[in-house]
Amino acid sequence: MIEHARPFDLAAERCGPSSSPIIRIASRGLAPLIQIIGLYVFFHGHYSPGGGFQGGVLLAASIILLRMGLGFANTQTVMPSGWTVPLGAVGGLIYIGTGFFAVLCGGNFLDYGVFPMPWLDPPHLHSYGILFIEVGVTLTVMSTLVAIFDHLLDG
Amino acid sequence: MLEIIKGYYAYFFLVAVFCIGLFGMMVKRNLMKKVMGMSMVQSAVILFWIVSAFKEGATVTVLDPTREVENADLYLNPLPHTLMLTAIVVAVVTLGVSFALLIVIYRRYRTLEEPLLLEKMQ
Amino acid sequence: MMTSHIPLLIPASFLLAALLIPLAALLWRRLSWLLAVATTGLCFFYAVKGLVHVTTVGRLHYHLAGWQPPFGIEFVLDPLSAFFSVFVTGVALLALIHAGRVVAHEVSGVDMGFYSLAMLLLAGLSGMVVTGDLFNLYVFLEISALASYALIARGDPRAPLSAFRYLTLGTTGAAFYLLGLAFVYMSVGSLNLADVSQLLPDVGDTRPVLLGLSLMVLGIGLKMALFPLHAWLADAYTHASSAATALIAPIGTKVAAYVLLRLMFFLVDPQYLRDQTPLPAIVGCLGAAGMLWGSIMAMCQKELKRMLAYSSVAQVGYIALGIGLASPLGFIGATLHALNHACMKACLFLVTGNFRVRLGHSTLPRLVDDLRRTMPWSAAAFTAAAISMVGLPPLAGFFSKWYLVLGSIQQSNWVFVAVLVASSLLNAVYFFRVLERLYLTPLAPPGDTDVATAAATREAPASMLAPTLVLACALLVLGIFNAWIVSTFINPMIPSRLGW
Amino acid sequence: MPVTHESVIPLLAVLAPLAAIPLILLSSRRPNLREFWTLAAAFTACGLVLSLLPGVLAGRTVAYDILTISPGIALSLRVDPTGLFFAIICSSLWILTSFYSIGYVRGAGEKKQTRYFASFALCIGATLGIALSANLLSFVIFYEMLSLGTYPLVIHKETRESYRSGRMYLTYALSAGLLLIVATAWTWTLAHNLDFRPGGFLGGVLADEGAARALFLLFIAGVGVKAGLMPLHSWLPAAMVAPTPVSALLHAVAVVKSGVFGVIRVAGFVFGPATMQAFGLDTILAAVAAVTIILASVIALRQDNLKKRLAFSTIGHLSYIVLGVALLSPEGFMGGLLHLANHATTKIALFFCAGAIYVNLHKTEISELDGIGKVMPWTMAAFTVGVLGLSGVPPINAFVSKFYLCKGAVSSGQLVFLAVFLASGLLNMAYFFPILHRAFFRPGGAGLHGHGEASPLMVVPIVIVAVLSLVLGLYPNALVHFFDLARGISQSVMAGAAAPLAGLAP
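Protein chains in written order, with our numbering: chain B, 1 to 155; chain S, 1001 to 1122; chain E, 2001 to 2500; chain F, 3001 to 3506.
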């Protein structure tokens, strides 16, 4: 595995923008739509099927669609490749953070009931607690999948 | 004999899938086929848990206003289902790691046939 | 306030470190090693505090997210789990300190991945030790397994294939464990270990429970490299980088042995198991067979790491034999041997790491220059660990074998006694063969002597030598104070239902 | 049980040689300082052991618990008469051997001398530990340390042959150690007590004969390897490849005697005469010992190498002691104990002479020893004293112990063993006197001109040991009351711990 001067150089060469304009325009049009659906699925994870994992996968799909449609180099602004692994770590940290925040507030690990939000009764606290966890999970899943795509490209 | 099969056909199916999976892992020489066998074994176990949660005439454990809440027999046992969510994630992650290993092996040795691999490694 | 959170803090802080290291590595390369060592040290401190609290005050129950046991996941720190978490984190701390230079030397590319995976592995292992919930045990089992697959895969060219073989076998083992757990859950209805052990006696039809238990034991036996299920161990430990082996080898199989102890002694009444079912007898016989087979295979190995891997299979056989006796003496012998073997094996693998870093290889016939002069301290540590492995009195290895012999004689099981004697002798053969190579000037000049390394070797760097010597001295201390260890820590662990 | 005092002297006696090891290793650059440490350790150990003698003679036993090894058993030292008897022999002869080995090592120009002296000190420390150990587990622990300590000495010359005999020694010693561990574990399971008690503590515990026999055979196999009992003896002649002082002290006194000492402990203090009689164990032991005596003496006839012949004679004489113990009669037991001391002094003299001959004339085979009597008069005189003693000729001490052994055989009514003792006396003469004949009555060979005695550092210890044998022969109770100690021990063992030792006034 020969190391290029800068990481992801090989990936940039391999994955240029798509030749046909239809794909380029369609992917630019579709990507935001997929992202919205992803966010919808993420936010409604409590009542309807969905949740952090599925939302993350949809967001990742949109980014990969852009990568393939508009080429690796151009889509660095959407999701810079160097950030993918650290972002995954940040997602995990959010998950662990809420857990430890509950410990700091005197309850057990991941016990949302003790969050210092007086204006919410316990059931609501639990549902919002889960929300923080879901944010972390979504972030991790999205960035990990994009990381896998980038590193596979990079050889 | 018939009601035995009627009552437990799910379990016979699962045993078959489990054994095929194990057989595939043990006998097949191609590494990718071993991974397929492994995933069959895992899904057989997951399905076994799901079958264990089944109750005659019960519905999915989402509050249905038409049914009362107290009578537990009307709702399926939710615990195996939730546990199997985690088990499925674990199965997926194991597949991911095994594919990563296969990619590394393929890049270095250009083959996934175990006998060829062993020769190349000598 | 802090002591009540200890059962959680150990796995959680490992997980936290595993996630922090990728970020820390961006700031500065060495920071990932420092963070890893700091976290392990912190967890070792927590584990010791937990052990002191458990032996003086009492057990620590921790309900995750506030849910009560039968429903929620419960972390329990009782004498057995506190004891295991102390020596798991302790040995891991020393292995990680040693790994600083080895990873830089052997593992190519950014070494952040190694430390992050190591933290994940320790999170999984300490989680398995601490959790009281059987399914949660499965999840932590998989976390630690996945981390160890990845750690092993980064080694010499043959490492990915051996990691793949370990992956397939390990996943099948976990699948068997899950299958067994399904049977136990269906017949008992609860997953909490303490809860299940209370509900089991009044379960009418015991066949599914026994089937479930034996499947779980099969799965854990595979993770523990019990004799017929050990095929993955030799390749995995040999081809992995010596830092990964030094971390996984001593504690990986021991935590699986801990789970086997939990299943065979705490989940089900061991007395009932021994009288009604052949399960303990089977585990004991497999252990005995493993002891002989492992030692014989270790004797005919040319490469030091492969020899130590096969001797690991043999030593796991000792623990399985202790568990198979299903008596208090067997329990003490198995637990004490888990502790002793963890230290001995860690010391041996650290010394092998020293040789690999300094000589570039650890194949026995090519250990040409008598290392007594060039690497005196590593050779001395190796001798101490070898003598302890053979089981000579002043050092720790003798005392765990002493309890196993006592336990076997108490049940007048002369086959086990004969196997214990025979395998100790075989141990002596293959360890003295290495000692002879280290200490005595070789007679016939071996074939391909790479003379270049002879002059270049000098003692391993301090950061690698210090943990090796600490472990070697730990063996002597464990040997001398073993009566105190047994009476204060191991005796309170023995399940009350186990009659003498 | 006699009153037991808590005192640290036995621990210091064991620690003196062990403490010398690091000092020896550190001062490897300056040979004289290194030799000083060995001698200092030797003198302190001997002084400490002798300081315990008056107390033991007056009936007081002194004990010291070092640490508890496993619940209920402690690594503890206890100075009872038997322990002290063996400790005196070892520590006193260590002084002589230290002087001798300094002369020998410098004379023969051995390399790696630091390792030599360090492992020597380790062996002596372990032997003292064996002598003074209070229970079976401490005995096993020091026994294993002794096996480990002797290995570097056996392979000292680092030739292919020394490696092979080193490996053979290690296999025998380690397997013996393991059998002993199993036997100790079995005893602990049966009796829940491991402390040595005159007259044995397995009295009421052993139910069926099969278990008793199996346990006894395990013990004897474990201890018999070092005691050179016939089927397990083959490591001893092979170990003769070691330098002569090693053969002298270790393979004539420390290592093999600790094996025989183990037999005494097992027979007298674990099983006890009553149980051995009850299960017919004494006949097994006696038979093995008798066969060993005769076979060893016959094989010694054909050995041309001087040290190999002495090795086989050692195997024979060790079985004298084992046979004495197996007779289960007070005189026999006393004779065995006395022979423990007497054989040590005489055999060490013979080995010293063999060493002096090697260093001085580089001759190892008996056929080359023509006419060296004139060249090395003092050495050969001592050699003659040793030979006469071992053959049982009166003025030398070995006669005293052989006399009591024969008396024991007569009083226990087993005349066949009397015949064995007498026959072996003849065989001794048969394989020793030709050496004397060659040395004194054959004309000097070619290379003898211009060679005088070996260096004084070697000749003086030889003469001292020979004179010691002579003095002990005439006054068995001289200096260290060997005779009283032996009588007291055999009475206490035979009477089954009933007779307190108080009646042992000098």
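Calculated from the structure, these hints are not laboratory results. There's no promise every hint is true.
What the hints assert, rightly or not - Below, a sample of chain S positions facing chain E; criterion: calculated Cβ distance under 10 angstroms:
no., residue
1, Gly1007
2, Val1027
3, Trp1049
As the list claims (entries may be wrong) - Now the stretches of chain E that chain B is said to cover, found in silico as 3 or more residues with beta-carbon under 8 angstroms:
no., region
4, 2059-2070
5, 2324-2336
Quick reminder that beta carbons are idealized off the backbone N, C-alpha and C, glycines included.
Broken hints, by number: Per hint list: 1, 2 and 5 violated.
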